[in-house]
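Protein chains in written order, with the working numbering: chain Y, 1 to 166; chain W, 1 to 81; chain P, 1 to 752.
Hints in this document: simulated from the structure, not taken from any laboratory.
Source: prediction; values computed, not measured.
Yeah, the Cβ is synthetic: ideal placement off N, Cα and C, and Gly gets one too.
There could be a bad hint or two in this list.
Stated by the list, open to error - Label-pair distances were calculated between CB atoms; the ranges are:
#1 W:R11 x P:N316: 31 to 37 Å
#2 P:P138 x Y:L18: 40 to 46 Å
#3 Y:N7 x P:D736: 51 to 57 Å
#4 P:S61 x Y:D117: 29 to 35 Å
To be verified - Coverage of chain P stretches by chain Y, computed from C-beta distances (three or more under 8 Å per stretch; other residues unrestricted):
#5 29-43
#6 189-201
#7 481-494
Said to hold, decoys possible - Below 25 Å or equal to it, Euclidean Cα-Cα: the simulated DSS-like pairs (lysine-lysine) are:
#8 W:K18 x P:K311
#9 W:K5 x P:K282
#10 P:K14 x P:K58
#11 P:K204 x P:K311
#12 W:K18 x P:K188
#13 P:K188 x P:K204
#14 P:K188 x P:K311
#15 P:K585 x P:K551
#16 W:K29 x W:K18
This is what each chain is made of:
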Amino acid sequence: MSRTHVNCEINGDHVDFLSESGASLLNALRDDVGLMGVKEGCGTGDCGACSILMDDRVTCACLIFAPEAEGRTIVTIEGLAAADELHPLQQCFLEGAALQCGVCTPGFLLAAKALLDNNPTPTETEVRYALAGNLCRCTGYDKIIRAVLEAADILAANAATNGDAK
Amino acid sequence: MITVKFSASLRDLTGDDKEIEVEAPTVRKLISLLDERYPGIGDRLSEATSVAINGEILPDALYEAIPDGAEVHFLATIAGG
Amino acid sequence: MTMTEEPTGAPSYKWVGSRSVRPDGLDKVTGKAQFGADLKLPNMLEGAVTRSPHAHAKIISIDTTAAEAMAGVHAVVTAADLPDLAEAGAKTDDIFMSEKILARSKVLWEGHPVAAVAATSREIARAAAAAIVVEYEPLPHVLTVTEALADGAPVLHESMMTRGVDPAPETASNAASRAVHERGDLDKGFADADVVLEREYTTKPVHQGYIEPHACVADAGQDGRANLFVSSQGHFSMRAMTATTLGWDPSQLNVTPAEIGGGFGGKTTIYLEPLAVRLSTKAGRPVRLVMGRDEVFKATGPTSGSHMKIKMGITNDGQITAAQIWMAFEAGAFPGSPVGAAGMTAIACYTVPNFFIEGFDVVCNKPKVAAYRAPGAPIIAYGVESIIDELCLAIDMDPIDVRLKNAAVEGTQASYGPEFPRIGFVETLEAIRDSEHYRSPVPEGYGRGVASGFWFNIGGNSTATVHVNEDGNVNVITGSPDIGGSRASMALFAAEEFGIDVGRVSTKIADTQTIGFNDVTGGSRVTLATGKVVIDCCRTIKQDLRRRAAKTWDCEIDDVEWVEGQAQHASGTETPLSLADLAAKASRTGGPISVTQSDNVRGAGAGFTTQLVDLEIDDETGVCRVARYTTAQDAGKAIHPSYVEGQMQGGVVQGIGWAFNEEYIHRTDGTLDNPSFLDYRIPVASDLPMIETIVVEVPNPNHPYGVRGVGEAGIVPPMAAIGNAIERGTGCRLNDLPMSPIRLLDAINHRH
């Protein structure tokens with residue numbers, strides 16, 4: 001049984017781990033790195049619950065072989081908030097009741113972050129299509145979309161005052 | 001006197017009786033009385049059955065008191081999801 | 001938007017009815033919340049399950065030697081490792097549950113578990129599960145009620161004689177039972193009608209579609225006890241069912257509730273838990289057992305497919321005079337479909353003087369169905385609400401006016417027996433009728449549909465503990481898994497009762513050793529029943545706080561009032577004492593401040609909803625876009641409006657998926673063709689508009705705050721509302737679910 005030594009950056013830290021051949025990045029993040037915020041909903045890239053950012057692109061971790069993470073920059077839900085402050089997306093989800101069971105929430109937050117990083121002023125339709133790869137069964141999406149639009153407004157206002165988009 | 005109304009599912013035991021009037025101070029006594037009159041109904045009414053007394057649905061109602069003049073129905077216990 | 005009926009003298013609340021941030025929310029947005037698969041214990045093994053590839057077969061032999069010999073495999077279990085409940089003379093339901101967990105002599109559906117393995121890694125466990133050699137003798141199978149009820153159909157259970165048929169049958173069949181509801185004179189009723197319609201409907205099995213697969217971790221000790229960490233809708237119920245299957249006493253198991261990633265009824269029963277515990281006892285190590293998504297589709301409990309025949313009559317001025325319903329629901333491999341509840345809810349919204357409703361519970365070679373949000377009601381409502389709409393069209397009368405004319409109200413004798421107390425059905429109809437959506441014109445190329453729905457809601461057993469910390473902050477401990485935001489409501493109840501900021505209330509869902517018994521989270525019961533025992537705790541504590549203040553002031557308890565979070569002396573001569581003041585000195589006034597209450601709560605209030613949908617219909621592709629959707633539902637009192645709206649919206653969207661796309665597709669060999677989210681298509685964000693909610697509040701007189709359950713009723717009308725919109729937009733009436741684009745296109749093309 002041979003394992004591959006993988007070196008990458010996760011949530012701002014250099015991390016290395018040993019990955020089974022054939023293991024997905026989802027399995028490696030949960031089992032080898034210990035980041036349980038990345039959820040398995042289907043394991044086949046259909047639900048988006050395992051969404052992470054890899055080199056700034058939203059990606060299903062279940063569709064990436066763990067060794068492919070070599071040299072990449074990865075952000076999981078554990079890396080979204082600052083030490084003492086939630087990201088506006090997280091705050092808007094809480095205030096807007098944009099989660100019920102919460103299992104899809106990490107994936108949605110990262111997918112929404114990727115959207116807003118690329119398109120700071122999306123329309124409702126653009127938000128809906130950008131998040132079409134994330135399944136939610138509890139909310140019917142209404143409050144999720146509203147929370148993302150609200151967060152977009154807050155981030156835009158912050159950028160205007162600070163000149164800093166992130 | 002209380003009035004007991006029978007659902008159609010009990011018709012094989014109660015025959016043409018759609019309702020009857022009896023004296024019964026508790027659900028337990030009522031079931032016992034009904035079982036004397038319609039043999040076998042006692043077991044049927046104890047299986048996953050709720051009781052509605054004057055419109056209020058009560059699961060697990062065996063020891064419940066029945067006020068005089070009340071209307072009583074036996075219903076299948078509802079499970080939710 | 002909320003439309004509230006204020007009873008005279010109704011108080012206005014400071015916290016109840018506000019949109020506080022839920023106390024468990026932070027962990028969920030930061031990835032810290034622990035779901036069923038997230039627990040890692042030292043020395044933990046991973047499990048895998050061997051499942052039947054056949055829809056129906058005898059098990060000739062099971063050979064586990066190759067699996068047991070594999071390096072890394074620590075335990076293998078088969079039905080031989082569970083008590084034979086049939087031999088032990090157990091109840092039939094318990095025997096069936098045990099056979100569902102592990103097949104003993106027959107497999108009854110593709111995916112039926114035959115063995116389970118625990119090994120040092122998931123890969124080894126799966127390889128070992130695949131290395132278990134099972135010799136089968138395949139048998140002919142039946143997949144639908146029509147096949148199962150046909151003459152000469154292969155019988156799943158040799159001793160199954162249909163209950164509820166007179167005279168009782170003497171040969172076995174696949175019809176487990178028959179239930180009947182009857183009133184009045186059907187022939188007279190149809191004779192009184194000016195228009196009578198007869199229709200047939202079919203629906204397919206659909207899955208609750210929770211995003212989190214089933215998962216648990218079992219840790220058995222050498223003392224005959226085990227800890228079980230599981231995401232479920234009711235850990236006490238999981239404990240009881242797991243114990244029964246293992247032949248244990250419930251108290252040998254301590255069950256800790258994980259956060260649950262969706263349930264909707266599908267997680268009110270066991271699948272993996274006895275396997276995980278038994279593997280753990282055999283291995284002497286903790287075992288984690290998690291389902292893959294394909295296993296969730298193949299081997300958990302969707303809701304029934306069905307065949308329904310409905311005949312209904314109406315007068316020209318809109319009075320429904322008679323209804324006749326025959327229906328057969330698929331139970332799956334073991335009896336227990338929700339056909340009984342369907343019979344009770346079918347025409348519960350209306351006063352129909354003459355009816356005959358007959359429902360059959362039918363087994364077939366598919367997974368045993370489990371509860372799915374208002375179980376049974378959405379299926380029959382598809383037929384009833386569709387035929388009512390056709391009758392409205394036939395007499396050229398507005399569908400809301402017809403429903404108003406026949407609406408059940410307080411005092412109506414419900415179709416299932418007792419009289420309704422105060423209910424809010426009419427108010428939901430009026431809310432839709434008066435809505436801007438309904439008053440707006442139907443755009444060109446669109447169809448507009450209306451439908452209504454009902455669900456009983458239940459009460460039941462709950463226990464809660466409330467204690468006050470030395471700093472005056474409050475802990476609320478319950479035993480009801482939170483599937484909809486109920487912790488937020490519990491915190492609001494405590495805040496309101498004590499008169500303190502909701503931020504000073506924390507909540508926790510405790511394990512089976514720590515809190516008293518609780519029924520499952522389901523039946524829309526938690527805000528009502530668990531809420532009520534939480535309120536009881538708070539009120540008992542307030543009495544105690546008044547006593548403690550009286551002791552502090554050396555006065556009579558009658559001189560003390562609890563007002564806005566403080567004990568106040570009636571004369572105003574004493575400085576008020578806050579919760580923190582009294583808690584800090586609790587030792588002087590009787591010891592720690594803590595109360596537990598439990599109750600079998602009664603007085604649940606029935607829930608009604610009326611819904612309205614506009615579809616933009618493309619008659620070249622059969623694709624319908626949901627352009628606008630409004631739902632009005634009676635919540636009694638919305639404790640946390642955002643989570644009430646969330647329940648309404650979530651139910652609607654599940655109904656939209658059920659209407660358009662969702663179905664189990666079986667191959668002729670009885671295997672499931674679409675066990676993945678790719679091919680079992682649930683709605684995504686780009687399919688939908690915002691879901692407009694009108695929260696109607698007709699208070700439930702039996703609850704301190706007027707609460708009615710809201711979790712379930714929302715899923716009941718959407719399929720019919722959509723079917724009605726399709727007919728009104730295209731002239732095509734679809735009577736089979738799902739009403740997918742390809743089926744609608746076919747109907748459109750055959751329209752002329």
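Comparing the hints with the structure gives:
{"no.": "1", "hint": "W:R11 x P:N316: 31 to 37 Å", "result": "holds (34 Å)"}
{"no.": "2", "hint": "P:P138 x Y:L18: 40 to 46 Å", "result": "holds (44 Å)"}
{"no.": "3", "hint": "Y:N7 x P:D736: 51 to 57 Å", "result": "holds (56 Å)"}
{"no.": "4", "hint": "P:S61 x Y:D117: 29 to 35 Å", "result": "violated (59 Å)"}
{"no.": "5", "hint": "29-43", "result": "holds (count 10)"}
{"no.": "6", "hint": "189-201", "result": "violated (count 0)"}
{"no.": "7", "hint": "481-494", "result": "holds (count 3)"}
{"no.": "8", "hint": "W:K18 x P:K311", "result": "holds (24 Å)"}
{"no.": "9", "hint": "W:K5 x P:K282", "result": "violated (54 Å)"}
{"no.": "10", "hint": "P:K14 x P:K58", "result": "violated (63 Å)"}
{"no.": "11", "hint": "P:K204 x P:K311", "result": "holds (21 Å)"}
{"no.": "12", "hint": "W:K18 x P:K188", "result": "holds (19 Å)"}
{"no.": "13", "hint": "P:K188 x P:K204", "result": "violated (34 Å)"}
{"no.": "14", "hint": "P:K188 x P:K311", "result": "holds (14 Å)"}
{"no.": "15", "hint": "P:K585 x P:K551", "result": "holds (11 Å)"}
{"no.": "16", "hint": "W:K29 x W:K18", "result": "holds (20 Å)"}
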